[in-house]
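K.L.:
With the hints as constraints, model all of the structure from the sequences given.
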Amino acid sequence: MTPTTRNRLFALAALLVAGAGLAYVSFGNIGQNLVFYWTPGEMLAQGSKAYGPTIRLGGVVQPGSLQWDSAHTHLAFRVADSDKAGAPSVSVVSRETPPQMFRERIGVVVEGTFDKSQTFTSSRLMVNHSNEYRPPKPGDGPDKWKTTVSAPTAEAR
Amino acid sequence: MISTLGTALVLGGLLAAAFGAVVGIEGGLRHRAGALKLVLGTVTAFLICMVGANLTMIYALVTHDFSVQYVSHVGSRATPLVYTIVSLWSALEGSILFWGAILAVYVFAFARAHRKDPPTNPLLALGAMLAVGVFFSFLIAGPANPFGRVSPVPPDGPGPNPLLQNHVLMVIHPPMLYLGYVGMVVPFGIAVAALLRGQLGDGWMAVLRRWTLIPWTFLSVGIVLGSWWAYAVLGWGGYWAWDPVENASFLPWLTSTAFLHSAMVQERRHTLKLWTVSLSLASFLLTILGTFMTRSGVFNSVHSFTQSAIGPTFLVFLGVVLAVSILLIAIRGPLLVPEGPLGSPVSRETAILVNNLLFAALTFTVLLGTVFPLIREAFSGVRISVGAPYFNRMALPLGVAILFLMGVGPSLPWGRASPETLRRQFFIPAGVGVAVVVVCVAAGLRGTLALLTFGLAGFVAVVTLREMALPARVRMREQGEPFLQAVWRSASRARRRFGGYIVHLGVVLVFVAVAASQSYVTHTTATLTPGKSFQLGRYTVQLSGLRNGVDPHRRWTAAELEVTDGSGGHHVLAPRMNFYERSTDPVGSPAIRTAAFDDLYLTLLAFDAQAQTASLNAWIFPMVAWIWWSLPLFVLGALFAAWPERRRARADAAERVSVPGKAPSPGAAA
Chain A
1 MTPTTRNRLF ALAALLVAGA GLAYVSFGNI GQNLVFYWTP GEMLAQGSKA
51 YGPTIRLGGV VQPGSLQWDS AHTHLAFRVA DSDKAGAPSV SVVSRETPPQ
101 MFRERIGVVV EGTFDKSQTF TSSRLMVNHS NEYRPPKPGD GPDKWKTTVS
151 APTAEAR
Chain B
1 MISTLGTALV LGGLLAAAFG AVVGIEGGLR HRAGALKLVL GTVTAFLICM
51 VGANLTMIYA LVTHDFSVQY VSHVGSRATP LVYTIVSLWS ALEGSILFWG
101 AILAVYVFAF ARAHRKDPPT NPLLALGAML AVGVFFSFLI AGPANPFGRV
151 SPVPPDGPGP NPLLQNHVLM VIHPPMLYLG YVGMVVPFGI AVAALLRGQL
201 GDGWMAVLRR WTLIPWTFLS VGIVLGSWWA YAVLGWGGYW AWDPVENASF
251 LPWLTSTAFL HSAMVQERRH TLKLWTVSLS LASFLLTILG TFMTRSGVFN
301 SVHSFTQSAI GPTFLVFLGV VLAVSILLIA IRGPLLVPEG PLGSPVSRET
351 AILVNNLLFA ALTFTVLLGT VFPLIREAFS GVRISVGAPY FNRMALPLGV
401 AILFLMGVGP SLPWGRASPE TLRRQFFIPA GVGVAVVVVC VAAGLRGTLA
451 LLTFGLAGFV AVVTLREMAL PARVRMREQG EPFLQAVWRS ASRARRRFGG
501 YIVHLGVVLV FVAVAASQSY VTHTTATLTP GKSFQLGRYT VQLSGLRNGV
551 DPHRRWTAAE LEVTDGSGGH HVLAPRMNFY ERSTDPVGSP AIRTAAFDDL
601 YLTLLAFDAQ AQTASLNAWI FPMVAWIWWS LPLFVLGALF AAWPERRRAR
651 ADAAERVSVP GKAPSPGAAA
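Chains as they are written, first to last, in the working numbering: chain A, 1 to 157; chain B, 1 to 670.
Quick list of simulated restraints, FRET-style, between CB atoms:
#1 B/P397 with A/D115: 29 to 39 Å
#2 A/A18 with B/R446: 31 to 41 Å
#3 B/I58 with A/S82: 42 to 52 Å
#4 B/L636 with A/P3: 41 to 51 Å
#5 A/Y51 with B/A78: 48 to 58 Å
Chain B is nowhere near these chain A residues, computed Cβ spacing over 12 Å in every case:
#6 A13
#7 L44
#8 S48
#9 P63
#10 E104
Derived SDA-like pairs (lysine to any residue); straight-line CA-CA distance at most 20 Å:
#11 A/K49 with B/V382
#12 A/K116 with A/T54
#13 B/K37 with B/K116
#14 B/K532 with B/G569
#15 A/K49 with B/E377
#16 B/K532 with B/T613
#17 B/K116 with B/G203
#18 B/K116 with B/R30
#19 A/K49 with A/K116
#20 B/K532 with A/T73
#21 A/K84 with A/L66
#22 A/K49 with B/R383
#23 A/K49 with B/S380
#24 B/K532 with B/Q612
#25 A/K116 with A/S48
#26 A/K49 with B/R376
#27 B/K116 with B/G41
#28 B/K532 with B/L546
#29 A/K116 with A/G52
#30 A/K49 with B/I384
#31 A/K49 with B/G381
#32 A/K49 with A/E111
#33 A/K116 with A/P53
#34 A/K116 with A/V93
Since the hints were made in silico from the structure, they are not lab data.
Backbone N, C-alpha and C define an ideal beta-carbon position, used for all residues, glycine too.
P.N.:
What follows is the structure, given as structure tokens:
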């Protein structure tokens, strides 16, 4: 084995180790930062697995569930799989002003976390008809943006 | 009529490209010099067909010919003329048509520039580029045909996406991005030619570098303009969300930036050839992957993706390009052997090598985060996305390390650095870096990452400015030239080096602006009635009232706000909500007051016309505007580096003859 070959082998081994480390860290990190897309029914079916991770809860605002507190700063409502009576639903609290379109029966995507008290705490409220919030970009066809445009709201910090 | 003409032109382009690709590659492999003329002809024909098809579509859009399918999708009689023309690239089919035209322009420009070269390389390169042209004209003629006929002809259309009509940046941002994306076809063609021949001479390497720098510049400008557009239009108060669409443009930028650096090592040391060529192939693959991801709708859901034929077609093309690239590297790669050793561990080439590894790592992590949801959904059916914290946590350390290397690399000499040199080179810049941190802490700034970034930025800025001024100082001392003349002369003698440093200064600016605007943001929300106000930082924001207005294509409601800053300045800001005729959801327009060192950013969340209340979101972002203000540095640096240097080459040649055996001066090499 010539010194050059040996050096190359060393370099290759170092690269492999570095690459493996990077992959390990990346995958670990991804696992902690997944955002799940669930409807209320799907989320409830997860049981305790739904407590903790960031969730984008997609559904409709249940008719008759909208509640403001007296100072008009806290909003509570229920998000249901559909606006049919008896559809699975989850209670949501939000401290931010909802966007202009927000009303009963409208499709919403609420990003936040779920906990044991069975309350979903929203950090971001999007009025939407699709499951995924994404600012439309050049090239999105009209068929697509109609379902993705929403009044974007801020992440509550 | 228009439909027929457009389709005919696209089919003509397809024929020309197919013919040219076959003749080019076959002629190149068999060294048929005569084939070049034929290929040049097909390139011109391809250009005429593609540009013609685009002009036809623009004509159809402007004349509101709703019998053309694409016009019936994005056209509207109420849309202003500028946005009507812009709607050429506002939706899927049109943007791929536009892709085709830019591709043709690039191939034509390459053919013009190299028509007098020894024919083998241009033949192979043009053949490879035209093969890409075959795919795109096939896509336009078939799965993404914008020229389909609509019957019965609708009287009017929906108009382009409201978000795309909101800001003038929409007129320039997509073309810039496309010029960056599509331009990667040229380095791809050159790299394929090099691999097919199994050799890569220095001259051909310079060609590869120049043709990478051009799309790289457009891509940089496109990315920065895109973040500016997101900031000024979308109203969520940010400019970068690690959205798949954004990542799609960032990935090829990373690999082509790595390429521009490793090409320097290749040039100086005649090593890393295969790696450099691979980066070219990767940049092109990533632009195709990016176009696939942004154009096929695959990110809405893996399941909706097969609804259009574009997605699968793209995927097949991506697979073919990937297979060809790997095959070429496996078979021909060993021929691109290093002709020299890499330098010692403490040298500029090592710094660049580490820089390349960091860029590769960054590319890997961003790519992984971007495609992970697709893979996961395809296999397990679970819909997920990867949150921004993943990207931030992975990219920040790598980004800081890259910033650090931007100061280390230029300080180190090629070959080997003595401890003495190291001390001399690093003492002052490192001192300045530490001083910056101390001053920031004294001024009350906190946050490890931000302070680290500011300190490193100070270090890099000093190194960069010193390296820019050093050759000029030598000239001033040795030739007695005045300062400006010395700077100009030394700079124009090492254009690429000097241009590169200008770009480095721009990158430092972006780092500082991003760190400041992310770390020291202040935010509040408020619901106001007329006359009421709220305080944010040094600004007092008072609601005057709600105002309604009507434009030809939309109605809007604005909250009129009186803003007073701490120093007595008075401004009126009016964030608004637009209601487009043919869209059910309102689209907000933020109002931004930009001062030298911070932005006040206001959005209207909701309003009540009866109670006259307005709910507002308000942010102060320190230094955020410096991200876009770095653009002139990127453009200036790239122009300086890429400017044709025929006259200089002649002057240099004369100089070299007169001083034989002269050692390279510090400013002569890049």
